[in-house]
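Chains as they are written, first to last, in my numbering: chain W, 1 to 330; chain F, 1 to 412.
Everything labelled a hint here was simulated from the structure, so no lab data went into it.
If you're wondering where the values come from, they're calculated on a predicted model, not measured in any experiment.
Relax, there's no trap hidden among the hints.
Derived lysine-lysine pairs resembling DSSO-like cross-links, with alpha carbons at most 27 Å apart:
| # | chain 1 | residue 1 | chain 2 | residue 2 |
| --- | --- | --- | --- | --- |
| 1 | W | Lys48 | F | Lys231 |
| 2 | F | Lys310 | F | Lys295 |
| 3 | F | Lys209 | W | Lys48 |
| 4 | F | Lys369 | F | Lys196 |
| 5 | F | Lys121 | F | Lys37 |
| 6 | F | Lys136 | F | Lys196 |
Chain W residues, not near chain F, derived (Cβ > 12 Å throughout):
| # | residue |
| --- | --- |
| 7 | Leu43 |
| 8 | Ile119 |
| 9 | Arg205 |
| 10 | Leu213 |
| 11 | Ile220 |
| 12 | Ser324 |
| 13 | Arg326 |
| 14 | Arg327 |
C-beta atoms are modelled at their ideal positions from N, C-alpha and C, and glycine is treated no differently.
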Amino acid sequence: MDNQRCGSFEYSTPLVYLGLKLISKLFHKKYQIAVTLVIGGVLLALWKPFVLIEGLQVAGLYAAIALPMALILGIVGIINLAHGDFMMLGAYLAYRFTVYTGADPLVAIFPVSLGLFLIGMATYRGTIKYMHGAPELIQLLLTFGIAIILQQLANLLWTSHPVSIHVGYASASATIGSFTFGTYGFVYVAAAILVFIGLFLFLRRTRIGQAALATGQNPIGAKLVGINIDRIYLLIFSISIALVGAMSVLFLTRHSIFPHVGGIFTLKSFCLAAMAGLGNLTGILWASLILGLAESFVKSFMGYAGWADIIFFLLIIVVIMVGSYRRRVT
Amino acid sequence: MKGKSVILIYVACTLILLVGFGGWAIAQRAPAGEPIKLGAVLPLADITGAQAAKAMRLAVKEINLKGGVLGRPLEVIVMDDEMKPATGATALDRLATVDKVDVFIGGMASGVHLGQIPTLKKHAKVTVWIGAASHKCEEAVGPDIDWYFHIHPWDYLQGESYREGWTAINKKYPHVKIDNWFVAYEEGAFGTASYKMSLDLYKDWIKIKGESFKSALLGGGDYRAVLRHAKEANPDVFLWLGYEADAMGFAVQAKEIGYVPPLFIGSPPGWPPGFGKSPLSEAVTLYGMWAPAIKEVSDVSKHFWEAYIKEYKEEPITYFCPLGYANVYVVTEAIKRAGTIEKAALISALKKTEYKSPMGEIITFSPSKIIKNQGIRKQKIIQYQGGEQQVIWPFEFATATLKYPFPSWERR
Numbered sequence: 001m002d003n004q005r006c007g008s009f010e011y012s013t014p015l016v017y018l019g020l021k022l023i024s025k026l027f028h029k030k031y032q033i034a035v036t037l038v039i040g041g042v043l044l045a046l047w048k049p050f051v052l053i054e055g056l057q058v059a060g061l062y063a064a065i066a067l068p069m070a071l072i073l074g075i076v077g078i079i080n081l082a083h084g085d086f087m088m089l090g091a092y093l094a095y096r097f098t099v100y101t102g103a104d105p106l107v108a109i110f111p112v113s114l115g116l117f118l119i120g121m122a123t124y125r126g127t128i129k130y131m132h133g134a135p136e137l138i139q140l141l142l143t144f145g146i147a148i149i150l151q152q153l154a155n156l157l158w159t160s161h162p163v164s165i166h167v168g169y170a171s172a173s174a175t176i177g178s179f180t181f182g183t184y185g186f187v188y189v190a191a192a193i194l195v196f197i198g199l200f201l202f203l204r205r206t207r208i209g210q211a212a213l214a215t216g217q218n219p220i221g222a223k224l225v226g227i228n229i230d231r232i233y234l235l236i237f238s239i240s241i242a243l244v245g246a247m248s249v250l251f252l253t254r255h256s257i258f259p260h261v262g263g264i265f266t267l268k269s270f271c272l273a274a275m276a277g278l279g280n281l282t283g284i285l286w287a288s289l290i291l292g293l294a295e296s297f298v299k300s301f302m303g304y305a306g307w308a309d310i311i312f313f314l315l316i317i318v319v320i321m322v323g324s325y326r327r328r329v330t
Numbered sequence: 001m002k003g004k005s006v007i008l009i010y011v012a013c014t015l016i017l018l019v020g021f022g023g024w025a026i027a028q029r030a031p032a033g034e035p036i037k038l039g040a041v042l043p044l045a046d047i048t049g050a051q052a053a054k055a056m057r058l059a060v061k062e063i064n065l066k067g068g069v070l071g072r073p074l075e076v077i078v079m080d081d082e083m084k085p086a087t088g089a090t091a092l093d094r095l096a097t098v099d100k101v102d103v104f105i106g107g108m109a110s111g112v113h114l115g116q117i118p119t120l121k122k123h124a125k126v127t128v129w130i131g132a133a134s135h136k137c138e139e140a141v142g143p144d145i146d147w148y149f150h151i152h153p154w155d156y157l158q159g160e161s162y163r164e165g166w167t168a169i170n171k172k173y174p175h176v177k178i179d180n181w182f183v184a185y186e187e188g189a190f191g192t193a194s195y196k197m198s199l200d201l202y203k204d205w206i207k208i209k210g211e212s213f214k215s216a217l218l219g220g221g222d223y224r225a226v227l228r229h230a231k232e233a234n235p236d237v238f239l240w241l242g243y244e245a246d247a248m249g250f251a252v253q254a255k256e257i258g259y260v261p262p263l264f265i266g267s268p269p270g271w272p273p274g275f276g277k278s279p280l281s282e283a284v285t286l287y288g289m290w291a292p293a294i295k296e297v298s299d300v301s302k303h304f305w306e307a308y309i310k311e312y313k314e315e316p317i318t319y320f321c322p323l324g325y326a327n328v329y330v331v332t333e334a335i336k337r338a339g340t341i342e343k344a345a346l347i348s349a350l351k352k353t354e355y356k357s358p359m360g361e362i363i364t365f366s367p368s369k370i371i372k373n374q375g376i377r378k379q380k381i382i383q384y385q386g387g388e389q390q391v392i393w394p395f396e397f398a399t400a401t402l403k404y405p406f407p408s409w410e411r412r
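If we strip away everything but chain F, and leave its shape as in the complex, we get (with noise of 0.2 Å):
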């Protein structure tokens, strides 16, 4: 009886010193002090800009937990830009005279940053931009600013890499002609912009007839009448820059008037959650810098997937959650390169930026042709196949060969 007490009392003593040495050494770890400030401003009430917002409070809450940076805790500051510039503007003189951050993070759409840029330029803080594809947004920054990192492609940059795409893709597979392009095109100023920059950059490689439409967000929603003419051009390819609004449409009036161009190709900035379940879906081939299929070939994007799922209970949609949680971890990285959070130390330190991103790419800084710190130059060629988006390039992150010719809508 005397043996068991001692036993007893023994193995409580040692859970009670388990207990407090696992205390202490979680104490140990958790950060401490003022937090390193990172103020996003981002649309709250469209999905993109509340999943990126979720995916930055992931990669902060993964880095506190992992101890911080410097030893002190990370927090996040998001603002609601409500799509408006004006109010976009004021939130980042918020974050920086009543936050007081000590990074700006964010954004999202070039008609915002556009009206934020000013304001960046008065507090000269370290930047770092997820968004904002116009050139016009470059050219607001201008050749001169050093703190400015944009990660998001220009749209020129975008341009020139879909050219680069498919002709590598018609390089390996020949029988893939891409010499006549139709573009249906959305008659607001992205659709419009993108269209008159395509046929600038592109004179000299294919042939591009276009006509716009009006798109379901602005009032729209029947594109027979440009999918009509596009039959009768029939191009090579058919391209349709819209929304994802547009995009169950075009797919269910291109199969009504028996529409079926060799390669279908759709450029909205995100498609509607059920699209790869229609079995219309099969073989739209699309642009974007992520898709989900992409955890196949890469350990950071298989990470950051399961993890957002874990957290939210709810899948990534858009390429501007990845994008969210990359950013986090480029400023942080950075800051613990530079053991400080000073500015002239900062900006050396991300220059020397090597992200292996869940996008797939390693995330390096360099000029373009106007700014100094341009990230990511590269899209992605995706499709549709059996209701997956699935890479076809860059052939180092493919996770699936093109599927072509567009198959018949009835053979489905």
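Isolated chain W, as found in the complex (with noise of 0.2 Å):
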């Protein structure tokens, strides 16, 4: 009996400890945003739980979208203007292919990345390789007057009647009790999760993805050491434009596209990549969460649906403001 209860206090106090430890850990500045996510996930969930799932759902386009971008500007320093009109062309080719051969719009997600893979090395070679060193502001008319280019290009050849390509699975729903949500949506938070976690085994796992990072990092080190910076830049730059190519394809299953659908998606994810630190990966997936679900939670007040956008930008420029704050104190 006495080396039961001996025991039994034995094994309880490191479960004590082991709890005490998480609960202060999980208090501890780095895990603060999770915390105050998951209290305010749970909360939202027994409130309003459309909030919740849209908002999940809202965040994983965002960030399955932005996650290229992120990449583009840790790497090879370019604020890329054009990210989302990228996306709208690799749209439009799958449109086109889909409408051509009559398959399901995701089978065109390989040939539209090749395409689009193709499509950024050319871009690459022929215009972004020059402009290495240049200013920033030269930088941005570069990639800004491509966005001009490929929209003028979709509005001659497509016009700008907006099409669409409906398919019966991305109106699928779920019931719990009298609540119905969609469920299709999710496909954007598994890509956005796929994505992020593809990127991550890249650049931490191989050799190829180790010497981006480090040129990402310290470019002249990188040169000296013998990374071949230029195909680095190279590689990253198409890889991106490449995953932006099959994010385009899960875009087109559910939205309208038209030669400006870009547009919106290149200024929300440089917001993101901006309030997540430039070139921070995982931190644009937290950013997307935050504004999701933000997004979702004023939009479900009626009549308020106007103050989504500003408070999408009011975060972004406090979250910015209290960075740049936290940097000068330090």
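Both chains are sitting in their own frames, so use the hints and assemble them into the complex.
The following block contains the structure:
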């Protein structure tokens, strides 16, 4: 009996210790955002479950589109203002592919990604390559010019008339009690997680990925140790455009497309990248989650939908200002 | 042998004479002299403007093949307004001073037209306009101008027309309830102005609750929140006012959240080409001036439909296409009646217009709230059935009866 008690005491002490350690860890600065989000998520799920579900889905869409931009920004060091327009181009290619072959649009993921990879290569070789070291304003103007060219090309080739493809699974839904919600939107969440894990593994576990990280951190140092940084830039830029291409196919299954459809996603991706910290892939996930949930929360109140964009950009301004203040203090 | 040669010579001479006479006859019918010039200003990068321009050229081709107007060829010069008021106004200046057109025809967007009205007043040429629904344009034209003819119904005329249409449908089919409406309107100028006008116009008729949304065209595209609010309000009629980029999204997301209103109406300026092919389009109601199905009840519409497809190997998509075609005929017939392109005579002839249009109705001009010469006043209530747009009201152009209530999303 004593032994048992003793044993139970012996077992319970480390458990209590671990529990306390976990709680204290959770209150650590590093996990504050995660804890806040989890608590907020649970409360939301109880109060307005659709806000949580739709917010997650919107966050997934934002993150999946913004991650490739963050990759270019972090390693190539270019703000690609044509980011959303490459997505528009991919969506149109997927649309034409689907109409021409009669196949499911998702089949277009592979040919469109490959096509966009090649277009990305051509864009880098033809323009971006010569802009390294140029003032940021010139780089911005260059990618802005590419965006306008892509939009006008789409306008000439496919007109400004919006087009869409209806696939039955894009409106799939589930019902829990009296609450019905769409399930297809979780594809964007899965896509964001896949892209994130894929990029993480590529950058950490492969030699090229590590070389790319080194190039992003210190291009001169990377060059000195024998890394061909031009090839790294070419590869990273092309991979990012290919990822946007893959994402464009998923986008097409649920959205109308037209020549200017990508503009807002360039803006939002850039804002997410700025909020997360330039090139911070993990930060993109958190930033998307916060903004997606905030947007859905605001919209859930009747008559306040117009505030969603204000809240979106207000949050970004607050985060950037707080970050800037912290840097100055430290 | 000799006899055969004589016969051959005889046949050859007959053929030569026939060909020669035929050529002479064609030459006699071909219009000659200085062309009568019509000047149109349309957004050519937009498919609506591009198709309207094509339809105008088709009408000009048909008229020239029949000998032109007053023995002179007809010509249409189309300029691009790029959807910008300043560009639209400059285009009118150029048409008046460089191309020296005789009549202004065109254009499309209200915003552009508002910027063009001072230029129109400067040149004071006979103008027959197919587009611009905003009553602000009517106010800008003013009551004193006799050379301005407007074919498209003003926004308040459209509103009155819908009221007339739904009242008639409700009278004919009393089980169709139309007392409580939920209006989802895009947050831009178009949606907000239309919603406010509806509140004012229908205050003594129906109860309206509404909420704005961000159109996909302006970076939005998530309609689930506004659809959930509509579902909670449980109205008799759900109406969304937005653009064609929103059409598929509304249907998909309504299905997603399980929202099935008794009447599901969309009111964009045009519909995406593939929308009818989707099973989600079944029983979606819409407003418009024309639907391809009108060709089943109107000969002019049938002729226009077939001629357009034969000429351009594409189907007309928006109602601006038959409107552009109709406008050229309205002006041409007036010139024929006047026997001249002299301004006063032409205005007088235009006032007597009675043109059976491809939209179904006969176009005539009479004063509206402000301007002296307003053309079409009625809209149509249309419904997607079996993948096609069918006219429900006015009953004289009806090609189908209203499918009511809206079927569940699953049973399609």
